[in-house]
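2 protein chains.
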Amino acid sequence: MKNVGYNEYLKEVLEQLPKGAFLTVKNGEQLNTMTIGWGTVGYIWKMPVFMVLVRHSRHTYRLLEEAKEFTISIPLKNDFKKELALCGTKSGRDMDKIKEAKLNLLPAQTMETPIIDGCGRYFECKVVYQQSMEPSLLIPEIKGTAYKQGDYHVLYYGEIKASYINEDYI
Amino acid sequence: MKNVGYNEYLKEVLEQLPKGAFLTVKNGEQLNTMTIGWGTVGYIWKMPVFMVLVRHSRHTYRLLEEAKEFTISIPLKNDFKKELALCGTKSGRDMDKIKEAKLNLLPAQTMETPIIDGCGRYFECKVVYQQSMEPSLLIPEIKGTAYKQGDYHVLYYGEIKASYINEDYI
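Chains E and B, in that order, are what the protein sequence lines are. Per the working numbering: the first sequence = residues 1 to 170. Per the working numbering: the second sequence = residues 1 to 170.
Bound-form chain E, shown alone (with noise of 0.2 Å):
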């Protein structure tokens, strides 16, 4: 692993982001991961920020309200195509999806919280502002397409606290 510039390598993270990437989080005992397909990264509040947005319905979002920390693991040479579309479809709540899609878990720099082995650009993230979504404060064309069962996203604002790549899989 070699750190990097929270601002580099954007590009291919926002290129894959929508193609799929790992959240994971560990609360306890408690460890699952899920396919993100949306994000933005940026500064704020003097810090540089990774924000995800996850629904109330998530296994994830029960150990992100306790966690308060979130890794991101980004497939970049390796597609993880199978294992993306695993953890997204599938709930921690039903089955361990790190032992059934096989990913191997890599320790991350500063947090308890692991990493996805294989994968390219990875970030670690404390969160430290967090909101629910406000259905009426949207324009209706996204409240039609993303929210038909009306199951809103709460954005997690996680401070990145280490920015790094995989040489091996970029």
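Don't read these hints as lab results, they were simulated from the structure. Only a predicted model underlies this, so the values are computations on that prediction, with no experimental measurement involved. Every residue gets a Cβ at the ideal spot worked out from N, C-alpha and C, and that includes glycine. Be a bit skeptical, because a hint or two may be false.
Stated by the list, open to error - Straight line, CA to CA, 20 Å or less: simulated SDA-like cross-link-like pairs of lysine to any residue:
id, chain 1, residue 1, chain 2, residue 2
1, E, K46, B, G150
2, E, K46, B, I142
3, E, K46, B, A85
4, B, K46, E, I142
5, B, K126, E, P140
6, B, K126, E, P135
7, E, K68, B, A85
What the hints assert, rightly or not - So the derived list for chain E, only partly shown, Cβ under 8 Å to chain B, looks like this:
id, residue
8, Y61
9, V128
10, Q131
11, I142
As the list claims (entries may be wrong) - Computed spacing ranges between beta-carbons, pair by pair:
id, chain 1, residue 1, chain 2, residue 2, range
12, E, P135, B, E15, 31 to 39 Å
13, B, D79, E, Q30, 46 to 54 Å
14, B, E134, E, E15, 45 to 53 Å
15, E, E100, B, Q30, 40 to 48 Å
16, E, P107, B, N3, 38 to 46 Å
17, E, T110, B, E134, 23 to 31 Å
18, B, H56, E, K82, 43 to 51 Å
19, E, S91, B, D96, 54 to 62 Å
20, B, P107, E, S91, 32 to 40 Å
21, E, K82, B, T145, 40 to 48 Å
22, E, H56, B, D94, 42 to 50 Å
23, E, E15, B, E15, 17 to 25 Å
Knowing the structure of chain E, use the given hints to seat chain B on it.
For chain B alone, kept in the frame of chain E given last:
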């Protein structure tokens, strides 16, 4: 001007952002530019998004509430230090900041709101979601530094409708 992917030159964008960028809003005949130092870029709701933060007390807040669109002009080659300082400390309620700072305007590609000439990187955004910050959800450390006066931000999520560079100023 040359159109580029929304995820290009983000390293440069995020290196400049803390030093200042121009957030411009036009509502009817009312036009204003303010200096921003914070923001995030990414992909949400199947669209590229630039998120900016504007305090309720700002003149720009009033304009944005009506116009629901903004442009971001990011200095790269020219540092615009004096101009950014002026647009970050004076209010558009009290003066025509664009005239005062001797900024030249150029027409945008997709909206009424213009851009600032002489910058390297541009975004044009339509607000698709916005939300006032909820103080109780923020960690105390940030409350005590960024919001001592209790003047919280509104977070504006703008769909990126155009993304381009001026190669002369990059």
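We went through each hint and held it up to the structure:
Taking the CA atoms of K46 of chain E and G150 of chain B, the gap is about 17 Å. The hint holds against a cut of 20 Å. The straight-line distance between the Cα atoms of K46 of chain E and I142 of chain B is roughly 9 Å, inside the 20 Å bound, and the hint therefore holds. A hinted pair counts as satisfied when its Cα atoms are at most 20 Å apart, and K46 of chain E with A85 of chain B qualifies at roughly 18 Å. With a CA separation close to 9 Å, the supplied pair K46 of chain B and I142 of chain E stays within the 20 Å bound.
A C-alpha spacing of about 14 Å is found between K126 of chain B and P140 of chain E, which places the hinted pair at or below 20 Å, so the restraint holds. For the hint pairing K126 of chain B with P135 of chain E, the CA-to-CA distance comes to about 18 Å; that is within 20 Å, so the pair holds. Taking the CA atoms of K68 of chain E and A85 of chain B, the gap is about 36 Å. The hint is violated against a cut of 20 Å. The restraint placing Y61 of chain E at the interface with chain B is violated, with a minimum CB-CB distance near 15 Å, outside the 8 Å limit.
For V128 of chain E, the interface hint holds, since its Cβ comes within 8 Å of a Cβ in chain B; the closest pair sits about 5 Å apart. Satisfaction of the interface hint for Q131 of chain E is found here, the shortest Cβ-Cβ separation to chain B being roughly 6 Å, below the 8 Å cut-off. Interface hint at I142 of chain E: satisfied, since its Cβ lies 5 Å from the closest Cβ of chain B, which is below the 8 Å cut-off. At about 36 Å, the CB distance of P135 of chain E to E15 of chain B agrees with the hint of 31 to 39 Å.
For D79 of chain B and Q30 of chain E, the Cβ-Cβ distance of about 49 Å falls inside the hinted range of 46 to 54 Å, so the restraint holds. At about 33 Å, the CB distance of E134 of chain B to E15 of chain E disagrees with the hint of 45 to 53 Å. In this structure the supplied range 40 to 48 Å is violated for E100 of chain E paired with Q30 of chain B, their Cβ-Cβ distance being about 57 Å. A beta carbon spacing of about 42 Å between P107 of chain E and N3 of chain B agrees with the range 38 to 46 Å that was offered as a hint.
Take T110 of chain E and E134 of chain B: their Cβ atoms lie about 27 Å apart, and the range 23 to 31 Å holds. Take H56 of chain B and K82 of chain E: their Cβ atoms lie about 47 Å apart, and the range 43 to 51 Å holds. Between S91 of chain E and D96 of chain B, the C-beta spacing of about 56 Å keeps the proposed range 54 to 62 Å intact. A hinted range of 32 to 40 Å is violated for the C-beta pair P107 of chain B and S91 of chain E, which are about 50 Å apart.
In this structure the supplied range 40 to 48 Å holds for K82 of chain E paired with T145 of chain B, their Cβ-Cβ distance being about 45 Å. Look at H56 of chain E against D94 of chain B: about 44 Å separates their beta carbons, and that is inside 42 to 50 Å. The hint said 17 to 25 Å for the Cβ distance between E15 of chain E and E15 of chain B, and at roughly 20 Å that hint holds.
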